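Colleague: Fit chain V to the supplied structure of chain F, relying on the hints for placement.
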Amino acid sequence: MNKNIDTKKIIISNPLKLDCGKEINNFPIAYETYGELNSEKSNAILVFHALTGDQYVSGKNPITNKDGWWSYVVGENKPIDTNKFFVICANVIGGCMGSYGPSTIIESTGKQIGTDFPIITINDMVNAQYELIKYLEIEKLFAVVGGSMGGMQVLQFVANFPDKAKLAIPIACTSSHSAQNIAFNELGRQAIMADSKWENGFYSNYKLNPDKGLAVARMAAHITYLSEKGLQEKFGRKLQDRDSLRYGFEADFQIESYLRYQGSVFVDRFDANSYLYITRAMDYFDLSKQYKGNLSDAFKETKTKFFVISFTSDWLYPTSENREIVIALNSIGADVGFVEIESDKGHDSFLLDVPSFLKTLGDYINSTYKVINERRI
Amino acid sequence: MKEEFNIISNLIEENTRVLDVGCGNGDLMKFLQENKTKDIRGLEISKEKVQNCLSKGLTVIEGNAESDLKQFPKSSFDYVILSQTLQAFLNPELVINELLKVGKKVIVTIPNFGYWRVRLQLLFKGTMPVTENLPHEWYNTPNLHMCTIKDFYNFCSIKKIKIFKSIALKKSRISEINKSNLNYKNLDSHLGIFLIEN
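Residue numbers (this note's numbering), protein chains in the order written: chain F, 634 to 1010; chain V, 4 to 201.
Bound-form chain F, shown alone (with noise of 0.2 Å):
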């Protein structure tokens, strides 16, 4: 949450117009890379965070002291190698790990700038980051890749640049936030929105913070990161620290007092108007929409070779929902991959250890960038 954390950091100096109508210009995007640009800047993977990640991917991350949100996935000898690849993530706007969003101190005031921040699309996140890669000067990524809200991204970014990546590989999302999604999405902002000390999201003002509120909303959405299979087989009825009901309503069985954890850990690391906006930019997403009602025009202009994954157990963004993006690859004839991983972590499963998906996911990745090379050569 800004706390002086020392992350690195560009400032993007071109305006950057707004769906919202708005323009915003010398902003910052805080960012993190590993692993090495080659010399023929052709191996280079941008990751896309989800709506609760941040630019940490891999290793250590400096705020939390916990690992990278991707680990699994990114590093060493893991399905995207950083002794190969060259992976950069940026913190999306509207986040609150260093990138431009409602936690940035104004200088003018020294407050931040709490609810006056713009309302910001998926759109706008991915075209702030594309400023990134310019930056970085990078002609032309490998891939881009990313889960959940990250997904929505690659999506989004292969839209908007057609010719910027050679693979994309978007996994358990959607085209369009279904009723269901903005339904939990509410739900969470209305929890921060009801505790008193929100202020109307000016609470840094008064030097409060809305933690119960925020709790709660990350509390609903974890359970909608689960399956019921998972949560029945982990907890059960099994009771925390007791062996019989307490006839209270404290955490008597163990999936409130996982639940109040998890709350509890996340209002330390995420801010709450932050969970406003990327949940407001995740309803807003309708990528079907931009074209017109046909999502295929959206990849009309694309020779990118696209690889979409679901999980048999994700009822957030089930594969009917990803299917319907494969449908509308093949249906304008673009090169394009699918499959449905078996497992029971519901939609988190893409953050865990689900060992089908880290070797189909390292497999293809690997096979494909070495085709490419070939080919080139």
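Read the hints as simulated data drawn from the structure, not as lab findings.
Among the hints, a few may not be true.
[As the list claims (entries may be wrong)] Derived lysine to any residue pairs resembling SDA-like cross-links, with alpha carbons at most 25 Å apart:
#1 F:840 / F:827
#2 V:52 / F:945
#3 V:77 / F:965
#4 V:107 / F:929
[Unchecked claim] A short, non-exhaustive set of chain F residues, derived as facing chain V with CB atoms under 8 Å:
#5 639
#6 641
#7 959
#8 966
#9 969
#10 971
#11 972
#12 993
#13 1004
Predicted, not measured: the structure shown is a model, and the values here were computed from it.
Just so you know, even glycine gets a beta-carbon here, dropped at the ideal spot from N, CA and C.
Modeller: What follows is chain V alone, placed relative to chain F:
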């Protein structure tokens, strides 16, 4: 297997767009990619096999030919291949129609149930045939609609599907099938390979 791949490969012109339906572990795709065309896709129903293909860098979609061929536009491939899979569909006629829509030309190969070794087993042993090419028992076979070379030949003529080329394979011996030798080829070949068009 190798003979079948060679025959299929010879039926395909270079640098054309190919879809392999029921591509399995991608062996044929790999073979064609090395010998004929880079522009090749696969459709496969088994997750495990799809993952094997993708691991090799092959562009494969997990899906069912009976429901998922619809998503491809008409004539979007120069060739669609269905290698030894037709008999496993619930509705082979529907699949053939879908294939003929999606592909300008279609290559179908069928394990021949009219092969004399197959016939002999049923005739003398009185049990459902199990051969090198049809290794399953009746209770675990994925094959729902076995047919013979003659059956498929007749099917094409009834449905007014043009047969460009029909090839019979016995061990590694390759020969052409025509109207006059149909009965003999139907008895003496383990595999039939047809190049057809709507």
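Colleague: It remains to establish, for every hint, whether it holds in the given structure.
Modeller: Each hint, compared with the structure:
1. F:840 / F:827: holds (18 Å)
2. V:52 / F:945: holds (16 Å)
3. V:77 / F:965: The hint holds at about 11 Å.
4. V:107 / F:929: Distance ~22 Å between residue 107 (chain V) and residue 929 (chain F) Cα, so the pair holds.
5. 639: violated (39 Å)
6. 641: Result: violated, 33 Å to nearest chain V Cβ.
7. 959: Interface hint status for residue 959 (chain F): holds (6 Å vs cutoff 8 Å).
8. 966: holds (5 Å)
9. 969: holds (7 Å)
10. 971: Constraint on residue 971 (chain F) satisfied, holds at 5 Å.
11. 972: Holds. Min distance 5 Å.
12. 993: Constraint on residue 993 (chain F) satisfied, holds at 5 Å.
13. 1004: holds (5 Å)
Comparing the model with each earlier hint shows violations of hints 5, 6; every other hint is respected.
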